[in-house]
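Colleague: Residue-level listing of the chains:
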Amino acid sequence: MNDTVALSPADMIARARARVPRAIDIPLRERLQPWAIATATFALFIACCIDLDLGPDVLANGIGKLGGILAAMWPPSAGGQWSRLLLAIAQTLGLAVLGTLLGILGALPLGLMGARNLVSNAAIHFIVRRMMDVFRGIPALVWALILVAACGLGPLPGVLALAFADIPRLGKLFAEAIESVDRRQRESLQATGASGSLVIRFGMLPQVLPVCLSQCLYYLEQNFRAAAVVGVVGAGGIGFELNERIRIFAFDEVALITILYIVIVGLLDEVSQRLRARLI
Amino acid sequence: MSVSALFDAEDRRRAAVFEQDWRKRRLAHRLQNLGWLLLVSALLAVSLELSELRNSSVGLGWGERVATFVDRMTPHLRADALFASRNTDGSLASWFYDLPLWLVAIRETVAMAIVGTLVGGVFALSLSFLAASNLNANRPLRVLIRRSLDAARTIPDVILALIFASAFSLGPVAGVLTLIVSTTGSLGKLFSECMENARIREVEAIAATGGNWLLQMRFGVIPQLLPQLVSYWLLRLELNLSAAAALGIVGAGGIGVELQRAISFTEFDTYLAILLLIIACITVIDLVSERLRHRLIGAMA
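Chains as they are written, first to last, in numbering that gives the first Met the number 0: chain A, 0 to 279; chain B, 0 to 300.
Derived by calculation from the structure, the hints in this document are not laboratory data.
Predicted, not measured: the structure shown is a model, and the values here were computed from it.
Cβ coordinates follow ideal geometry from the N, Cα and C atoms, glycine included.
Please note: incorrect hints may appear among the correct ones.
[Unchecked claim] Quick list of simulated restraints, FRET-style, between CB atoms:
{"#": "1", "chain 1": "A", "residue 1": "TRP34", "chain 2": "B", "residue 2": "HIS75", "range": "49 to 59 Å"}
{"#": "2", "chain 1": "B", "residue 1": "VAL16", "chain 2": "A", "residue 2": "GLY195", "range": "29 to 39 Å"}
{"#": "3", "chain 1": "A", "residue 1": "LEU117", "chain 2": "B", "residue 2": "GLU289", "range": "36 to 46 Å"}
[What the hints assert, rightly or not] Examples of chain A residues toward chain B, derived with CB under 8 Å:
{"#": "4", "residue": "CYS48"}
{"#": "5", "residue": "LEU101"}
{"#": "6", "residue": "HIS124"}
{"#": "7", "residue": "ILE126"}
{"#": "8", "residue": "MET130"}
{"#": "9", "residue": "VAL232"}
{"#": "10", "residue": "LEU266"}
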């Protein structure tokens with residue numbers, strides 16, 4: 000106690016500085032860094048806005064019209080076409096199911112080839128992984144546009160577009176699921192003298208299947224959204240109906256379809272979450 | 000002496016009970032699997048029926064159709080004229096004939112993604128404090144904000160873009176607004192989940208020194224979550240870039256407009272050229288953001 004009293008304030012400060020140097024002396028560069036990042040981000044933001052002609056007058060102008068549209072949405076109305084709308088929603092669901100299934104079928108071989116612990120050839124593994132990374136970024140709508148041009152209007156390009164968009168994403172997830180398998184279970188089966196297919200069936204499948212199934216369910220959910228989107232460019236279903244009504248400014252019907260859609264997505268979400276919780 | 004003589008009757012009885020139980024379990028398991036299989040098959044059949052996939056005819060035979068299509072999509076490059084000028088058939092420059100225009104359109108798409116992600120991120124951050132159950136005790140307000148975020152996330156972005164386009168006319172502004180709404184929805188959910196995992200002791204420490212709610216959030220919550228939040232934000236930027244490219248297809252500005260134009264003039268090789276440009280752009284952003292994210296995660300550890 001005595002020596003703390005004997006210390007001069009300057010000494011105390013010096014001691015404190017020595018003990019926690021970063022509490023007081025943060026170099027100027029480090030203190031300026033957050034501000035520099037913030038300024039740069041803000042400058043980038045302004046530059047982008049100028050590039051896009053996004054000014055307050057444009058926004059003010061549009062918001063008035065948007066208010067009119069929102070007002071026109073009330074009260075929502077089915078326009079006397081309940082059965083047609085429900086059928087369109089069911090069609091969209093069908094599109095999502097088929098697209099997901101086709102995507103899973105396409106992703107399985109890629110996932111197997113992309114897994115490092117199954118394919119020892121580094122070149123194959125590398126190429127498959129890179130290809131999947133490259134194609135992962137292409138949204139279903141971009142696929143749908145070209146496929147509609149290739150095979151005509153209808154559900155076929157929609158299903159194919161959903162599958163093409165899913166294959167690289169699911170393939171990557173499958174490969175990662177297979178790579179994260181605990182190898183001890185495989186080894187113990189190999190030690191009992193089981194054949195290759197038995198090792199896969201009992202040593203890997205039980206570990207991989209729940210993870211993959213839960214991801215497939217998640218993609219089914221996502222594809223319900225994507226199926227509505229590809230409908231806009233001519234793959235039928237609810238997207239087509241919505242697009243049609245937006246173009247003729249029938250916003251009360253748009254509101255009804257949107258509400259219906261949100262409710263159904265919510266239900267799907269709930270079901271798939273329950274199933275996924277059971278799987279894992 | 001036979002092997003069975005080694006076991007007495009009691010052992011055999013136990014074995015029989017075990018066998019019986021095992022068979023019963025196996026049967027139940029198999030029935031359950033069969034049930035799932037039937038359910039999935041039924042779902043599949045209904046989907047096939049509803050989507051009218053069976054009725055879609057492909058005109059020519061499949062093989063022929065695919066062959067013509069692939070032929071029209073691949074550019075007819077000639078080795079001797081590969082680097083010739085734009086006006087020579089078979090040169091790279093004639094394949095990418097509108098490159099300067101496309102680059103401007105790509106810049107527009109990138110700008111859309113940046114503005115959408117920035118503004119959406121700011122909205123999401125402000126709302127996520129109110130949507131996190133440990134930071135906002137007002138339950139009705141919390142539920143209201145959460146439901147709104149859910150709705151913003153659920154409505155497909157293309158539909159939003161069409162609605163915004165009817166108010167703000169076709170162009171990038173409609174695309175940016177769409178991205179803002181969908182980013183607010185998805186990042187708001189992720190951010191609020193992050194905040195629910197935040198340590199509350201820091202917040203309490205700030206409260207004990209007399210800091211108000213804003214200061215508690217600024218100095219108690221943000222510093223511990225910043226790397227995570229920024230990494231989610233960067234991930235969203237990547238996703239928004241491809242979303243922005245797609246939004247152009249319905250007229251919301253950027254490179255998608257050029258894609259749509261290529262299709263309406265049935266220039267399938269041009270479509271491929273633009274697609275390659277988009278892929279290149281996404282890959283670059285991907286790599287940069289992956290670097291940044293790894294650095295951030297390193298900083299967090």
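Colleague: Could you run down the list of hints and mark each one as holding or not?
Modeller: Each hint tested on the structure:
1. TRP34/A with HIS75/B: 49 to 59 Å: At roughly 54 Å between Cβ atoms, HIS75/B and TRP34/A fall inside 49 to 59 Å, so the hint holds.
2. VAL16/B with GLY195/A: 29 to 39 Å: holds, 35 Å
3. LEU117/A with GLU289/B: 36 to 46 Å: violated, 25 Å
4. CYS48: holds, 6 Å
5. LEU101: Because about 11 Å separates LEU101/A from the closest Cβ in chain B, which is outside the 8 Å limit, the hint is violated.
6. HIS124: This hint is violated: HIS124/A lies away from chain B, its Cβ roughly 19 Å from the closest one there, beyond 8 Å.
7. ILE126: Hint on ILE126/A: violated, closest Cβ of chain B at ~15 Å, above 8 Å.
8. MET130: MET130/A check fails; min Cβ-Cβ to chain B is 11 Å, beyond 8 Å.
9. VAL232: OK, holds: VAL232/A within 8 Å of chain B, min 7 Å.
10. LEU266: Where the cut-off is 8 Å and the nearest Cβ of chain B is about 11 Å from LEU266/A, the hint is violated.
Figure legend: structure checked against the earlier numbered hints; hints not met, in rising order: 3, 5, 6, 7, 8 and 10.
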